[in-house]
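Chains as they are written, first to last, in this note's numbering: chain A, 1 to 257; chain B, 1 to 200.
Don't read these hints as lab results, they were simulated from the structure. Any given hint might turn out to be false.
Here are the simulated distance ranges between beta carbons [said to hold, decoys possible]: (1) A:Ser189 - B:Asn197: 26 to 36 angstroms; (2) B:Asn197 - A:Val153: 41 to 51 angstroms; (3) A:Ala126 - B:Asn174: 37 to 47 angstroms; (4) B:Tyr87 - A:Val247: 21 to 31 angstroms; (5) B:Glu92 - A:Ala190: 43 to 53 angstroms.
A short list of chain B residues far from chain A (calculated; beta carbon distances all over 12 angstroms) [what the hints assert, rightly or not]: (6) Arg80; (7) Pro91; (8) Tyr102.
Here the structure is a predicted model, which means the values were calculated and not measured. We treat Cβ as the ideally placed atom computed from N, Cα and C, and that holds for glycine.
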Amino acid sequence: MTEHDDAPPDPVPSRRGPSRRLVALVAAGAVALAAAGVTSWALWPDAVDDPYPDVPEGVYHAADVRAFDDLAVMTASSALVVKGTAVEIRPGAEVVYDDGSEAAVTDREVVVDVDKVVYDRYGIGAPETVVVVEGYWENGIGYTREGMPWTEVGQSGYFYLTAPPPDVLATETYAYIHEAGRVLIGSGSAVSIPGHWQEEGPWTAVDHVNGGAPAFETAIQSAADAAAAGEAVPELISVCVPSDPAVEDSAPLCWEE
Amino acid sequence: MTTSTQSKANRALRSRPMRILLATASAALVLLAGAAPVQASHGGDANSGPPDNTTHYLERFNLTRAASGATTHGLGQLDRSVMDATYADGPETDVLIYDAYYGRTGSWQGIAGRTNCQEDEWWWDGDCDVYRLRYNLSYAASYGIDSWRSLACHELGHTAGLGHRSAPSDTDNNSCMRNKIDSSRPRFDAHDISAINATF
Ligand SMILES: [Zn+2]
Chain A
1 MTEHDDAPPD
11 PVPSRRGPSR
21 RLVALVAAGA
31 VALAAAGVTS
41 WALWPDAVDD
51 PYPDVPEGVY
61 HAADVRAFDD
71 LAVMTASSAL
81 VVKGTAVEIR
91 PGAEVVYDDG
101 SEAAVTDREV
111 VVDVDKVVYD
121 RYGIGAPETV
131 VVVEGYWENG
141 IGYTREGMPW
151 TEVGQSGYFY
161 LTAPPPDVLA
171 TETYAYIHEA
181 GRVLIGSGSA
191 VSIPGHWQEE
201 GPWTAVDHVN
211 GGAPAFETAI
221 QSAADAAAAG
231 EAVPELISVC
241 VPSDPAVEDS
251 APLCWEE
Chain B
1 MTTSTQSKAN
11 RALRSRPMRI
21 LLATASAALV
31 LLAGAAPVQA
41 SHGGDANSGP
51 PDNTTHYLER
61 FNLTRAASGA
71 TTHGLGQLDR
81 SVMDATYADG
91 PETDVLIYDA
101 YYGRTGSWQG
111 IAGRTNCQED
121 EWWWDGDCDV
131 YRLRYNLSYA
141 ASYGIDSWRS
151 LACHELGHTA
161 GLGHRSAPSD
171 TDNNSCMRNK
181 IDSSRPRFDA
191 HDISAINATF
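Please take these sequences and the hints and turn them into a complete structure.
Take a look at the structure:
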């Protein structure tokens, strides 16, 4: 049994907006009421104060650099593949974007208690926990990747993780190698994977209709075995830094990793 | 941007406490008027849904030459549809466009570009008023011109309300709205154009 947690692939149904006059009237009326309604302010203190809400209100679209058609290749490209359970959600590092927006963005970190290391590309070992960055908060609003609902505490599954070399040996903080790199297994062995995983990508070879979670776990293990045996080659991607760190438009220095 | 109440100067009104107050107040107003209730409980910049109208003003924030050129290509792709996309700065902007070396860790790991709704019409139907689009030079700086064009077409496609296309739904393999950026797909296909047009 499976669940498909992605939004419909195709664009939105047709709909018409309200008349501009009505919108303007409602907005103007709201401003007037709000200005007069200062005493109502105290009615919503909790909603106002939490900079890291538990539920995402925002969605962001993200375009992947990688694409995987083969589970063994996605495995081999990952730094670490673990089976585990989310035990804590917490704010991580805050970064202010130096791009003209001055946006201050805080990573949302999922602490995963590791049950089993399925694949270990770099000889990292067997960590008790790993930290996975999944979404972010900005200005009191949580953002989730489109088609990838936030993992909640208590959810279990498989996590295909990466971090840039060589730091990967010195960090406990990882990111998903791809949107298809999170396999949550729920009650009744329901499997949930982000994106169009039933139509394209590394999971299409798994019998998700009849096989349920056991079919996925078998596929995960045999792909890990193939990667460990060197039968699958990691997919490399180009990454760059500016040749003059102070000049964004200076010639890029790029390499593959 | 559609109404004068939504200029940048008024964005202070979009703080969370003010939004909650406004949402409640506007809901009360609409109920008094006997109209259908608004989605007042929404309360945030949640949707990266369709744009609020076809007029689409794009503003570039100090982009690299490659990003700027690709954006012009993407603008031209939007103009193949009913969208009327032009460059314009200021309070009427619909799409704020940035680039930077955002890095290759955390939420930027393996991500060449990202788009979200910065300000949606939360008091009405969640259509998006202002989008924010970012190119990640940590990957895109290695791109040739067609990969750049594919990326810009893709991200600007999100600002026209398009979602991702999967391989089986793009059998001609020629839509820039596929999840992976590819130099062989720098344009919208006819399906993408129809989908944008059907939104309005
Ligand atoms: Zn996208």
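Here is what the structure says about each hint:
1. A:Ser189 - B:Asn197: 26 to 36 angstroms: With a Cβ separation near 43 angstroms, Ser189 (chain A) and Asn197 (chain B) fall outside 26 to 36 angstroms, so the hint is violated.
2. B:Asn197 - A:Val153: 41 to 51 angstroms: holds, 44 angstroms
3. A:Ala126 - B:Asn174: 37 to 47 angstroms: Roughly 46 angstroms apart at Cβ, these two residues keep to the hinted range, so it holds.
4. B:Tyr87 - A:Val247: 21 to 31 angstroms: holds, 24 angstroms
5. B:Glu92 - A:Ala190: 43 to 53 angstroms: holds, 47 angstroms
6. Arg80: holds, 15 angstroms
7. Pro91: With a cut-off of 12 angstroms, Pro91 (chain B) remains clear of chain A, as the shortest Cβ separation is near 15 angstroms.
8. Tyr102: Violated, because the least Cβ-Cβ distance between Tyr102 (chain B) and chain A comes to about 7 angstroms, which does not exceed 12 angstroms.
Checked against the numbered hints above, the structure violates hints 1, 8; every other hint is satisfied.
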